[in-house]
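Student: All chains, full assembly: derive it from the sequences and hints.
In the order they appear, the protein sequences are chains A and B.
Residues in the first sequence are numbered from 1 upward in steps of one, following this note's numbering.
Residues in the second sequence are numbered from 1001 upward in steps of one, following this note's numbering.
Please note: incorrect hints may appear among the correct ones.
Said to hold, decoys possible - Some chain B residues flagged as far from chain A (calculated, every beta-carbon gap over 10 Å):
no.	residue
1	Ala1002
2	Ile1013
3	Pro1018
4	Gly1028
5	His1029
6	Asp1074
7	Glu1083
8	Ala1093
9	Leu1096
10	Gln1101
11	Gly1107
12	Val1114
Said to hold, decoys possible - Some but not every residue of chain B turned toward chain A, in silico, with C-beta under 10 Å:
no.	residue
13	Gly1003
14	Tyr1033
15	Gln1037
16	Pro1043
17	Leu1045
18	Arg1048
19	Leu1084
20	Leu1091
21	Thr1103
Keep in mind the hints are simulated off the structure, nothing from the lab.
Glycine included, each C-beta is placed from N, C-alpha and C at the ideal position.
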Amino acid sequence: GDSVTQMEGPVTLSEEAFLTINCTYTATGYPSLFWYVQYPGEGLQLLLKATKADDKGSNKGFEATYRKETTSFHLEKGSVQVSDSAVYFCALKDTNAGKSTFGDGTTLTVKP
Amino acid sequence: EAGVVQSPRYKIIEKKQPVAFWCNPISGHNTLYWYRQNLGQGPELLIRYENEEAVDDSQLPKDRFSAERLKGVDSTLKIQPAELGDSAVYLCASSLEDLAQETQYFGPGTRLLVL
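Tutor: Dropping the structure here:
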């Protein structure tokens, strides 16, 4: 079945540091890939997505590129802020619709 | 536009008691999902509806869990009887259509504690 593996946390960075959160997946078809973010006390919300190979999703300074050859969708940001502190979830949804599969989440804490 | 609404936000019950969660999806969204999220883990799908039809309930523990989506809008998820291991956050999400590229919009969740 489908699966998503995320870099284990927690991750602690200083403000303005570079962020990478690794995500790799296995899927039987050609899935769409997503990053969701969960801020403290809130529900999950979409951060960015990519629907086919080599697509780059971007939002709020975050980027991730759909790499079919390495089955990866790593999340990056050049300069993190304290307000980026949250839990980040990588997810996929296969082309035949069906269920979404989520990683276990990576907790990011940014210190001033 | 209102987001996905869930109630209650928190629920504490004793084991063997019944409990129900309610979800109102975003207006016009045909697809509705119920997930369970255990502490430190990602959401796991329990059931997926396309309008009023449950198109995937393979992960729903049918001996104690039930769900309905009457008229293809609101949905209710029920547990009877609850067990200690059911303590988790129950998330409802909706999307316009059940396509791979569609974004799911999540509600704030119901945090259940079974004592």
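Student: Are the hints correct? Go through all of them and say.
Tutor: Hints, verified against the model:
1. Ala1002: The assertion about B:Ala1002 holds, with a minimum of 13 Å to chain A.
2. Ile1013: About 22 Å separates B:Ile1013 from the closest Cβ of chain A, which puts it past 10 Å; holds.
3. Pro1018: holds, 25 Å
4. Gly1028: holds, 17 Å
5. His1029: holds, 14 Å
6. Asp1074: holds, 18 Å
7. Glu1083: holds, 23 Å
8. Ala1093: Check fails; 8 Å does not lie beyond 10 Å.
9. Leu1096: Fine: 12 Å to the nearest Cβ keeps B:Leu1096 off the interface.
10. Gln1101: With a cut-off of 10 Å, B:Gln1101 comes too close to chain A, as the shortest Cβ separation is near 4 Å.
11. Gly1107: The claim is violated: B:Gly1107 sits with its nearest Cβ about 6 Å from chain A, within 10 Å.
12. Val1114: At about 22 Å from chain A, B:Val1114 clears the 10 Å cut-off, so the statement holds.
13. Gly1003: holds, 8 Å
14. Tyr1033: Status holds, d = 8 Å.
15. Gln1037: The hint holds - B:Gln1037 has a Cβ within 10 Å of chain A, the shortest such distance being about 9 Å.
16. Pro1043: holds, 5 Å
17. Leu1045: holds, 4 Å
18. Arg1048: holds, 7 Å
19. Leu1084: violated, 22 Å
20. Leu1091: holds, 7 Å
21. Thr1103: OK, holds: B:Thr1103 within 10 Å of chain A, min 5 Å.
Of the numbered hints listed earlier, those contradicted by the structure are 8, 10, 11 and 19.
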